[in-house]
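Asks: Residues per chain, in single letters:
Number of protein chains: 4
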Amino acid sequence: MVEKVILAYSGGLDTSCILKWLLDKGYEVICLMADVGQKEDFAAARQKALNIGASEVIVTDVKEKFVEHYIWPAIQMGLIYEERYLLGTSLARPCISVALVEAAKKYDAKYLAHGATGKGNDQVRFELNAYALLPHIKIIAPWRDEEFCKRFQGRLDLIEYAKKHGIPVSAKPAAPWSTDANILHISYESGVLEDPFHVAPESLYEMTVDPITKAPKIPKRLSVHFSSGLPAAVVDQSTGKQYTKPFEILQFLNEVGGSYGIGRIDIVENRFVGLKSRGVYETPGGNILFTAHQDLEVFCLDREVLRTKQVLRNRMADYVYNGFWFSPEAQYARRCIEISQEHVSGEVVVELAPGYARAIARKSANKSGGLYNEELVSMDVHGGYVANDASGFIAINSVRIREHVRAFGDYEQH
Amino acid sequence: MVEKVILAYSGGLDTSCILKWLLDKGYEVICLMADVGQKEDFAAARQKALNIGASEVIVTDVKEKFVEHYIWPAIQMGLIYEERYLLGTSLARPCISVALVEAAKKYDAKYLAHGATGKGNDQVRFELNAYALLPHIKIIAPWRDEEFCKRFQGRLDLIEYAKKHGIPVSAKPAAPWSTDANILHISYESGVLEDPFHVAPESLYEMTVDPITKAPKIPKRLSVHFSSGLPAAVVDQSTGKQYTKPFEILQFLNEVGGSYGIGRIDIVENRFVGLKSRGVYETPGGNILFTAHQDLEVFCLDREVLRTKQVLRNRMADYVYNGFWFSPEAQYARRCIEISQEHVSGEVVVELAPGYARAIARKSANKSGGLYNEELVSMDVHGGYVANDASGFIAINSVRIREHVRAFGDYEQH
Amino acid sequence: MVEKVILAYSGGLDTSCILKWLLDKGYEVICLMADVGQKEDFAAARQKALNIGASEVIVTDVKEKFVEHYIWPAIQMGLIYEERYLLGTSLARPCISVALVEAAKKYDAKYLAHGATGKGNDQVRFELNAYALLPHIKIIAPWRDEEFCKRFQGRLDLIEYAKKHGIPVSAKPAAPWSTDANILHISYESGVLEDPFHVAPESLYEMTVDPITKAPKIPKRLSVHFSSGLPAAVVDQSTGKQYTKPFEILQFLNEVGGSYGIGRIDIVENRFVGLKSRGVYETPGGNILFTAHQDLEVFCLDREVLRTKQVLRNRMADYVYNGFWFSPEAQYARRCIEISQEHVSGEVVVELAPGYARAIARKSANKSGGLYNEELVSMDVHGGYVANDASGFIAINSVRIREHVRAFGDYEQH
Amino acid sequence: MVEKVILAYSGGLDTSCILKWLLDKGYEVICLMADVGQKEDFAAARQKALNIGASEVIVTDVKEKFVEHYIWPAIQMGLIYEERYLLGTSLARPCISVALVEAAKKYDAKYLAHGATGKGNDQVRFELNAYALLPHIKIIAPWRDEEFCKRFQGRLDLIEYAKKHGIPVSAKPAAPWSTDANILHISYESGVLEDPFHVAPESLYEMTVDPITKAPKIPKRLSVHFSSGLPAAVVDQSTGKQYTKPFEILQFLNEVGGSYGIGRIDIVENRFVGLKSRGVYETPGGNILFTAHQDLEVFCLDREVLRTKQVLRNRMADYVYNGFWFSPEAQYARRCIEISQEHVSGEVVVELAPGYARAIARKSANKSGGLYNEELVSMDVHGGYVANDASGFIAINSVRIREHVRAFGDYEQH
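These protein sequences, in sequence, are chains L, E, A and Y.
If you count by full-length UniProt numbering, then the first sequence holds residues 1 to 414, one letter each, in order.
If you count by full-length UniProt numbering, then the second sequence holds residues 1 to 414, one letter each, in order.
If you count by full-length UniProt numbering, then the third sequence holds residues 1 to 414, one letter each, in order.
If you count by full-length UniProt numbering, then the fourth sequence holds residues 1 to 414, one letter each, in order.
Think of the hints as simulated: they come from the structure by calculation, not from any bench.
Among the hints, erroneous ones may be present.
Each pair may be met inside one copy or between any two copies, as identical chains are not told apart.
Stated by the list, open to error - Under the rule of at most 30 Å between Cα atoms (straight-line distance), these lysine-lysine pairs were calculated in the DSSO-like manner:
1. Lys172 - Lys245
2. Lys106 - Lys4
3. Lys110 - Lys367
4. Lys65 - Lys39
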């Protein structure tokens with residue numbers, strides 16, 4: 001009996017060779033391409049897979065799901081990995097995994113296969129997600145398969161294999177780095193980027209223009225509205241045009257953010273498997289939304305609630321990066337963080353300038369005005385605040401500080 | 001017997017009136033002006049205080065101490081308050097407090113007086129620092145004094161009082177906000193800024209030019225070197241000029257960062273006394289150093305050490321913001337964080353562009369190259385990594401994830 | 001016009017003198033006694049207050065509310081302060097505060113008065129609770145009132161004042177410590193206990209017998225049932241008797257726990273006002289419930305959910321101890337912790353022995369058996385676990401450990 | 001060429017069969033038995049291994065190293081896993097691993113072998129430690145070897161194999177649980193204990209007597225002295241006998257603690273590999289030391305330093321349990337925690353009673369008396385504390401609490 005495999009297919013050289021290799025192994029292979037917003041000729045890729053021998057090629061458009069069920073919650077939670085990375089790839093993985101698992105159920109396939117490497121995070125994400133959604137699924141990861149790895153020791157081996165089996169190989173030379181693209185971001189890594197002291201070439205960037213030479217010379221203001229921490233609407237103040245559907249909001253912000261060259265980072269990050277890797281990322285729309293949400297959140301949340309929420313947020317960012325989107329801890333953290341966002345509703349004015357976005361004004365949607373109290377903080381009126389109370393507040397706070405001196409002597413001054 | 005007061009004097013209207021008011025109360029007043037890098041005509045201010053009746057005016061230059069003992073450690077620790085504010089004012093307070101307390105000891109004064117308001121953080125910082133350094137010191141805080149507050153209900157009352165007592169009042173109308181300046185930053189708050197939805201005017205900024213209209217149109221690259229987390233040298237790659245003394249490094253970065261309009265933020269923050277306040281800050285050199293340090297730190301530190309260090313860092317940032325620089329907990333956190341920085345030595349290339357600085361390359365000063373392992377992460381060689389190990393790693397990590405499904409059913413997919 | 005005060009009245013010397021003092025100041029005083037389970041002759045105390053001049057004496061039985069709305073949630077959350085104190089007094093304060101504030105509303109009183117000292121936690125708790133529930137309430141705290149404190153410098157001054165004003169003074173000499181009692185615990189502090197090296201006398205204990213000399217010589221087993229983390233039923237295995245109402249459960253556990261001398265601690269703790277103080281506590285029933293809940297919780301919760309929950313729990317314990325039961329952060333933490341308890345349902349067998357209770361068996365109420373998987377952990381069957389997976393798991397976990405050696409040399413061995 | 005293996009040998013059935021199996025595979029096997037205080041006839045075990053065919057049997061006494069370099073630091077750090085388990089096995093593993101690695105170096109062996117199972121923590125601990133100390137070591141873990149596991153599917157297979165190869169098999173029937181013993185504790189798991197609702201039989205306990213029937217009927221007081229958090233001396237108050245050497249202290253405390261039946265726990269814990277397992281532990285001396293240290297630590301440490309230290313402690317306990325004693329994060333956490341203990345010096349009086357130990361008095365060794373300030377906390381003298389300061393302290397702390405009501409309405413009362 002022939003076993004069925006659902007293969008996460010990209011249309012590229014690697015997964016095309018994997019497809020052929022799986023067929024050679026005697027599997028029936030159903031290819032799945034999830035459209036998460038990457039630029040791809042899905043029809044051509046579909047035909048390519050069928051030509052190679054896939055029994056079925058599923059192209060599933062999950063762009064809107066990706067925005068609504070993964071990116072929006074990530075913005076709401078304020079997720080950022082190691083303080084800089086907006087988790088563009090990490091968030092797409094569970095969304096794609098759901099599609100893969102649905103296909104496995106529909107076609108009654110016992111196996112999932114993917115082309116992720118053995119040193120990376122994506123293998124972990126795909127597989128943990130798959131085990132979460134279908135605990136008895138079996139995984140085929142050719143790049144961890146000894147025989148496969150021996151056969152394909154480099155790109156040349158893949159090309160040779162492809163040619164031999166009539167798999168079309170792009171005439172365009174491969175970029176000296178690898179890329180992962182979706183509607184939230186494009187990431188670049190490997191190849192010339194492996195030397196962390198080598199500056200990434202300007203030609204690498206695809207979603208954003210060079211902010212210095214190609215961006216508009218005048219700033220643009222956007223009103224970004226949130227409802228309970230979720231992006232609700234974006235208004236371009238220069239045109240008055242308003243966007244309210246999640247997908248449209250992100251698409252608009254990517255365009256306008258990209259035209260300003262916003263959202264580039266070049267970092268070294270810590271992978272879950274214990275390596276440090278260098279990555280370059282472009283996240284124009286995500287950067288704008290993160291910036292706006294962060295501003296509104298501090299504006300709307302009680303100080304101590306914010307402290308606790310950030311602890312949960314940091315844990316959640318690690319969970320998502322490490323592939324634990326579907327896990328007891330992530331489900332728990334997410335529910336807790338969502339509670340914190342109940343009052344994070346309002347408007348932030350974000351100024352776009354070449355290379356960056358900056359919050360410059362904000363207001364609460366709460367009838368009471370929320371926790372910011374203009375009278376209370378005013379230097380001109382007391383607003384109910386009794387200045388003299390601060391004397392006792394300071395004195396009591398100094399008790400421990402002074403006790404330490406009494407017990408152990410003077411503080412070091414440097 | 002006449003009691004002596006050390007007054008933290010600024011030369012401005014408020015502390016000049018306070019000086020006079022203290023003299024009227026029968027105190028002998030010694031004024032102290034700490035030069036932390038603010039633009040100030042100290043000679044004129046000195047003469048003004050003497051004219052009003054100060055028995056002594058001390059002008060003490062603590063700029064280098066401020067950079068070396070407060071700003072450098074803050075960069076080393078990566079301190080940032082509520083993820084955005086680089087603590088420019090918070091760090092200056094303990095430095096100034098040391099000068100005040102030294103004066104109190106030298107002149108055998110029982111009292112310290114300051115012009116900080118009753119709603120702010122600075123009163124807390126000055127006083128906690130003073131209690132830490134001289135536990136039996138007494139504080140006079142006129143803006144919390146009922147009689148003083150009744151007499152001076154607004155700026156007009158101060159002006160009238162000044163005129164009546166021959167205190168010169170600047171002909172220049174006061175800015176519609178208040179300012180605190182030092183070599184690390186200038187902060188702006190109050191007045192028109194109290195409305196958080198009112199955009200701060202471009203005319204407000206003093207340390208940075210408008211990045212869009214006034215900054216150079218070509219980027220500049222700097223090499224920023226760190227030794228155990230402390231800035232050690234900065235090289236301007238376009239001129240080859242190198243800066244190694246802390247004060248000179250910061251001065252250079254302020255100039256060049258300011259000329260690019262780098263380091264502006266406009267935020268609402270949570271004060272220690274329980275209020276939310278809006279602040280605008282310019283921190284050009286600090287922003288560049290923070291950016292470079294953050295990049296190198298993630299590059300150099302083990303992932304889990306970084307996690308722990310960031311917990312300590314977040315606590316320390318709160319301590320410093322709240323005025324607890326001299327406290328058992330801050331001394332403890334600082335020692336712990338310093339240990340983490342032993343291996344944070346190397347070079348970061350930072351690109352300055354209009355409005356922002358961005359790390360684009362980095363290398364370790366460690367002979368071994370530090371924890372980044374180009375072979376280990378390479379897609380082309382195994383570098384000692386056995387890809388197949390990841391299968392077991394993922395499988396074991398999935399145990400809890402699958403157990404949760406067995407026990408409690410499917411994960412929610414959104 | 002006469003202003004009304006609600007006085008938290010205890011019937012004792014202090015609050016009786018405070019009552020008289022308030023009357024002398026011209027206030028109309030309504031006394032409130034909240035029955036939280038302390039042993040008290042409420043009728044006598046009521047008459048005493050009326051005799052002194054109270055215009056009204058409210059005795060309100062909040063015992064059941066205390067158990068259901070404060071103690072039960074505390075057990076569910078696993079609250080413990082500085083790892084030892086079960087927060088008996090801290091939890092009663094918000095419960096009593098609700099009664100005080102309800103009285104203030106009913107009688108339209110502008111003031112609350114209490115007899116808590118200026119060095120303690122209770123003043124903070126009463127007042128923060130009151131401000132939370134009735135933000136414009138005014139507080140009278142005689143033990144922080146300069147005039148009051150000058151007049152009453154010690155117990156003798158109070159006795160003299162009482163005698164002078166016909167306030168009955170107990171013939172029984174006061175214990176050389178102070179006491180706070182409710183259905184959850186009795187606390188002892190001050191007096192001879194202020195010397196932390198002085199061993200507390202056996203005669204001090206009221207809720208528990210001497211475990212060594214007075215407890216039964218045979219152990220007793222109880223089945224303690226929880227539903228979503230809340231105590232649901234307790235069955236005495238020796239009698240078969242079952243208790244299901246919260247108040248009855250706690251009453252039974254106090255009796256039986258007290259008869260075994262369970263739940264005594266003698267600690268030094270950190271007060272919110274910055275002091276260290278020594279306290280002796282008896283919490284027989286609470287100790288048993290805490291022990292049982294802790295056992296079931298680790299049994300039922302996913303490991304990583306438990307880690308996050310404990311972070312929230314530790315914060316919540318501090319909030320409650322410090323008086324922030326009604327606060328944004330406590331409400332938030334509580335909601336998060338409650339979510340974690342959804343699956344904490346089951347039975348724990350607790351063995352009572354002289355001086356301690358110990359969990360010895362447990363099972364989940366979940367149909368699936370919950371997360372404990374006897375087959376999975378068994379040494380005799382594989383239960384779906386592939387032992388060889390552990391090889392890869394360990395290898396990948398060792399990557400960082402080995403990288404550290406490569407980069408920085410050998411680990412210190414001691 | 002014959003490859004050498006260092007085998008962690010116990011003398012029992014499993015490792016004797018493993019020894020023979022390794023010899024059959026063609027390895028030269030050097031057995032190592034580390035004496036960490038377990039009751040074992042090392043000479044007999046040595047002979048047994050030689051008889052089976054070991055080329056060398058090393059018996060190394062690491063008891064004192066274990067106490068000084070592992071247990072003492074664990075007490076100093078306050079390590080406890082999931083709030084109950086004192087890490088007796090976890091701490092022994094790195095100590096034994098050092099001996100194994102030293103043997104591997106001395107004999108130039110490329111392999112380490114151990115008899116730990118594939119579902120447990122010990123495999124992880126041994127191997128991570130080995131990789132840390134000798135990054136290129138190779139591990140043989142027969143219980144994860146497919147061929148081995150197929151051959152030996154249960155105890156009977158081992159016995160048959162042993163008999164066939166002349167390996168002596170104990171006539172005594174094996175206990176229906178497995179045991180790990182060292183000077184810090186004995187652990188019991190598996191077998192009948194796998195059912196978490198099955199009460200462990202009294203006959204199981206080896207280090208402690210039944211507290212109810214066999215312990216002395218009178219309590220005993222010990223003075224436990226610490227120096228910078230490390231146990232420095234223990235004095236038996238009833239005999240005056242003093243113990244100062246680490247090994248003797250622990251030995252004495254085990255004896256006396258064992259005679260009182262102190263230190264038994266019965267828990268379900270979370271293993272690193274994702275399982276929940278049930279363990280019964282006896283840790284008499286460790287329980288007494290932990291209790292005493294905890295008491296002194298809260299007594300000596302500043303409140304906020306304690307909070308930070310406990311965060312580090314909780315992380316460290318997980319590191320140690322999971323096998324990361326030699327890791328960047330554990331080395332870092334340990335250094336940070338050690339700093340916190342500088343002032344944790346003094347004496348704690350611990351009362352031993354049947355089944356439990358309890359701290360009842362404590363004093364600091366610091367000349368100033370340390371941070372506990374009897375005058376400051378006294379109800380009879382002010383001690384430098386201004387009661388009225390608490391009014392302002394409370395008022396300012398209430399600002400956020402009241403703002404929340406203004407913005408979002410009343411707090412929920414339950």
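Asks: Checking Lys110 and Lys367: alpha-carbon separation at most 30 Å within a copy, between copies, both or neither?
Replies: Between copies, since 28 Å is at most 30 Å while 54 Å is not.
Asks: As a check of your reading, is Lys106 near Lys4 (CA-CA no more than 30 Å) within one copy, between copies, both or neither?
Replies: within (11 Å within a copy, 53 Å between copies)
Asks: Give the relationship of Lys65 and Lys39 under a CA distance limit of 30 Å: within one copy only, between copies only, both, or neither.
Replies: Cα proximity of Lys65 and Lys39: one copy only (17 Å, versus 55 Å across).
Asks: Within, between, both or neither: how does the pair Lys172, Lys245 come out at a Cα-Cα threshold of 30 Å?
Replies: Neither. Shortest intra-copy (37 Å) and inter-copy (51 Å) distances fail the 30 Å Cα cut-off.
The earlier numbered hint that this structure contradicts is number 1, and it is the only one.
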